[in-house]
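K.L.:
Given chain H, work out where chain R should sit, using these hints.
Line order of the protein sequences matches chains H and R. The numbering used here applies: residue 1 is where the first sequence begins, and numbers increase by one. The numbering used here applies: residue 1 is where the second sequence begins, and numbers increase by one.
Some hints could be false.
[To be verified] Covered stretches of chain H (in silico footprint by chain R; criterion: 3 or more residues with CB under 8 angstroms from a CB of chain R, positions within the stretch not fixed):
{"hint": "1", "segment": "2-8"}
{"hint": "2", "segment": "11-22"}
{"hint": "3", "segment": "27-36"}
{"hint": "4", "segment": "50-63"}
{"hint": "5", "segment": "68-76"}
Bear in mind the hints are in silico, worked out from the structure with no lab data behind them. Since we're looking at a predicted model, the values are computed, not measured. Ideal Cβ placement from N, Cα and C applies to all residues, glycine included.
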Amino acid sequence: MDDIFTIIKAILLLASAVLVLLAALGILRFKDDLERVLYARIHILGVADGACILALLVLGEPLLAGAYFILVPFASHAIANGFYYGEDKQ
Amino acid sequence: MTILTLSEYILLAALAIYALASVRIATRKTIGMGLVGLAGLSIAVATILILVNNLYQIAYCKDIALALVLLGPVGTIAFARVLRGDN
Chain H
1 MDDIFTIIKA
11 ILLLASAVLV
21 LLAALGILRF
31 KDDLERVLYA
41 RIHILGVADG
51 ACILALLVLG
61 EPLLAGAYFI
71 LVPFASHAIA
81 NGFYYGEDKQ
Chain R
1 MTILTLSEYI
11 LLAALAIYAL
21 ASVRIATRKT
31 IGMGLVGLAG
41 LSIAVATILI
51 LVNNLYQIAY
61 CKDIALALVL
71 LGPVGTIAFA
81 RVLRGDN
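One chain only, chain H, in its complex shape (with noise of 0.2 angstroms):
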């Protein structure tokens, strides 16, 4: 018999997994001929990115969880920001 601990690991991998796939599924089913269609895939971005750093917490990686947790949202500013000013622009 499994103690209570490794259940609650099991649910929350198992939470992050759905989490993950619904973004798997949310990425592709925009379409393309959407109008600034790439701020949704980047908000789609964020779910899969705190499923992820779920996981890494839950399979004992709290630093790797917490160094990504700082550096993701300058990542996601920094593609909006250069799409805003570069590709949206032209």
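P.N.:
For chain R alone, kept in the frame of chain H given last:
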């Protein structure tokens, strides 16, 4: 097989599907889509490597995952600065 191992395998399969979806997004014609796809691919591969480390006790996977987690967003930011241009 314990319930934890089973859930780790399920997460591994979900991450593999997400990595394929990210590659598909990265092959779109605009640079922004490429950045979004590669940002998703880097964290998916890093989490897969940590799972492989847990499942099969391959220690160097953790080092590769650390490099991916730290350098993936840094590369994305650098490329996005190039995409932004001078204005």
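K.L.:
Against this structure, judge whether each hint is valid.
P.N.:
Okay, the hints, checked on the actual structure:
1. Coverage of the segment 2-8 of chain H by chain R holds [criterion: at least 3 residues with CB-CB distance below 8 angstroms; count 3].
2. Coverage of a stretch by a chain is defined here by at least three residues with a beta carbon nearer than 8 angstroms to that chain's beta carbons; for the segment 11-22 of chain H and chain R the count is 8, and the condition holds.
3. Counting residues of the segment 27-36 of chain H whose C-beta lies closer than 8 angstroms to any C-beta of chain R gives 3; at least three are required, and the coverage claim holds.
4. Coverage of the segment 50-63 of chain H by chain R holds in this model, with 6 residues showing a Cβ closer than 8 angstroms to a Cβ of that chain against a need of three.
5. Coverage of the segment 68-76 of chain H by chain R holds. Counting CB-CB distances below 8 angstroms, 6 residues qualify, and the rule asks for three or more.
In summary, this structure violates none of the numbered hints.
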